[in-house]
Amino acid sequence: MTLDGGSGPQGSDLGRGALPGRVDGAREQHAWLFGQFRDTTALEASRLAARDGLVALHLPLVEHCARRFRNRGEPFEDLVQVGTIGLIKSIDRFDLGRGVEFSTYATPTIIGEIKRYFRDKGWAIRVPRRLQELRMQIGATTAELTQVLGRSPTPRELAEAIGCSVEEIVEGIESSNAYSTLSLDATDDSGEDGGVSMLEVIGLDDDELEQIEIRESIKPLIEALPSREKQILLLRFFKNKTQSEIASEIGVSQMHVSRLLSRTLAQLRRSLHESS
Amino acid sequence: MDRPAPVKADVSLRVPAEGAYVSVLRTMTAGLAARLDFTVDDIEDLRIAVGEACALVLPVATPGGDLEAEFRLTPASLTVSVRVETASRADLDYESFAWQVLSTLTAEATAHAGDQRLEVTFSMDSSLALSDGRQGAGG
Numbered sequence: 003m004t005l006d007g008g009s010g011p012q013g014s015d016l017g018r019g020a021l022p023g024r025v026d027g028a029r030e031q032h033a034w035l036f037g038q039f040r041d042t043t044a045l046e047a048s049r050l051a052a053r054d055g056l057v058a059l060h061l062p063l064v065e066h067c068a069r070r071f072r073n074r075g076e077p078f079e080d081l082v083q084v085g086t087i088g089l090i091k092s093i094d095r096f097d098l099g100r101g102v103e104f105s106t107y108a109t110p111t112i113i114g115e116i117k118r119y120f121r122d123k124g125w126a127i128r129v130p131r132r133l134q135e136l137r138m139q140i141g142a143t144t145a146e147l148t149q150v151l152g153r154s155p156t157p158r159e160l161a162e163a164i165g166c167s168v169e170e171i172v173e174g175i176e177s178s179n180a181y182s183t184l185s186l187d188a189t190d191d192s193g194e195d196g197g198v199s200m201l202e203v204i205g206l207d208d209d210e211l212e213q214i215e216i217r218e219s220i221k222p223l224i225e226a227l228p229s230r231e232k233q234i235l236l237l238r239f240f241k242n243k244t245q246s247e248i249a250s251e252i253g254v255s256q257m258h259v260s261r262l263l264s265r266t267l268a269q270l271r272r273s274l275h276e277s278s
Numbered sequence: 041m042d043r044p045a046p047v048k049a050d051v052s053l054r055v056p057a058e059g060a061y062v063s064v065l066r067t068m069t070a071g072l073a074a075r076l077d078f079t080v081d082d083i084e085d086l087r088i089a090v091g092e093a094c095a096l097v098l099p100v101a102t103p104g105g106d107l108e109a110e111f112r113l114t115p116a117s118l119t120v121s122v123r124v125e126t127a128s129r130a131d132l133d134y135e136s137f138a139w140q141v142l143s144t145l146t147a148e149a150t151a152h153a154g155d156q157r158l159e160v161t162f163s164m165d166s167s168l169a170l171s172d173g174r175q176g177a178g179g
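Protein sequences, first through last, are from chains L and P.
Just so you know, the working numbering puts 199 at position 197 of the first sequence, and the rest follows in order with no gaps.
Just so you know, the working numbering puts 115 at position 75 of the second sequence, and the rest follows in order with no gaps.
Chain L on its own, in the form it takes in the complex:
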């Protein structure tokens, strides 16, 4: 960013409708827009336009802040949106006379807004704020220490790095599990200890699941049968024909069909057991 030009266009002498694009650096643009926005003599519409311009100008700052909170289970766009609220607040409250950079002033406000969003919206179960903040610290420190140590850290190492007790770390890790309720034994919110757990709701495995396995393993075995046996199986179990009907269809006696069927079935059963 350059500041070479010195004084950019100032105040309302440019009149409303003057495009900020005429100004070169973002810094001048910022100063000009702020002048416009804070000019109490300017028209309401031009002040609001300047405010919009300021928001648009600093949106990348919001995106930068929001990016720090990526991969925490909330959509990036939502974070940008709540961060933008922080940005608007900082624009409204920023004191030009203080002599601090706007970004210095706005960043904590934007991050604060995003953090508040996580605190209020993100949690599936309400957890004390102290623990929520500890959890964030644990998350960040875990990532850091994993890099340094080449393995995940122990609670003791985390406690030393953060400066709290092992107890608090355990508590903090425990509270992380309240962030999303995916645990099998998590109870629903019908009561503190009287809720129904997922484990109880899930119940038993479906019987049909085992059928799939059997069906899939029997397929190649049927494929390998001699064609006459295969045909008899097909007629008997898929077309629901009686043994006598099958007998007349393929031209053997009913007794023979019966013998062939039971032999084939026994053989299939045996190979199925062997293969499993």
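Possibly wrong hints are sitting among the right ones.
[Said to hold, decoys possible] A few chain P residues facing chain L, derived, Cβ under 8 Å:
| id | residue |
| --- | --- |
| 1 | 67 |
| 2 | 70 |
| 3 | 75 |
[Unchecked claim] Cβ-to-Cβ under 10 Å is the rule here; a few derived chain L residues that face chain P:
| id | residue |
| --- | --- |
| 4 | 140 |
| 5 | 157 |
| 6 | 251 |
| 7 | 252 |
| 8 | 255 |
Hint data in this document are derived by calculation from the structure and do not stem from the laboratory.
Keep in mind the model is a prediction, meaning the values are calculated, not measured.
Just so it is clear, CB atoms sit at the ideal spot from N, CA and C, and this is done for glycine as well.
Given chain L, work out where chain P should sit, using these hints.
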């Protein structure tokens, strides 16, 4: 209590044999492992392992019975047994998903079915001890 006695320490806990109490066991396991210098990842694995061990024994538990858990602590490893009373002999299903998960996560997992009880035992070593032993580096 900052650290348990290094030589031999046993902790046992008895809760009703109901799914809702599994979280108590998981929390207890995590708490113990944290003091034995298990890493955060180990602790997460242990929590899962306890959950799966309970999932193996709870379905056959006598209604109204107890779920007993025993933790044997050594400096860098933790052995956990969970045990329930059963109405009759109930053999463990070694093909079950829960057993697959349990035996994959842990250093060793065994099950013992008695006439009226079913017990699942598993042990896990701290990967800190393993990696430090290999690299000779301290935290």
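Structure-based check of all given hints:
1. 67: holds (6 Å)
2. 70: holds (6 Å)
3. 75: holds (7 Å)
4. 140: This hint holds: residue 140 of chain L lies near chain P, its Cβ roughly 8 Å from the closest one there, short of 10 Å.
5. 157: holds (4 Å)
6. 251: Not OK, violated: residue 251 of chain L not within 10 Å of chain P, min 41 Å.
7. 252: Hint violated; residue 252 of chain L Cβ to chain P Cβ min 40 Å, cut 10 Å.
8. 255: Because about 43 Å separates residue 255 of chain L from the closest Cβ in chain P, which is outside the 10 Å limit, the hint is violated.
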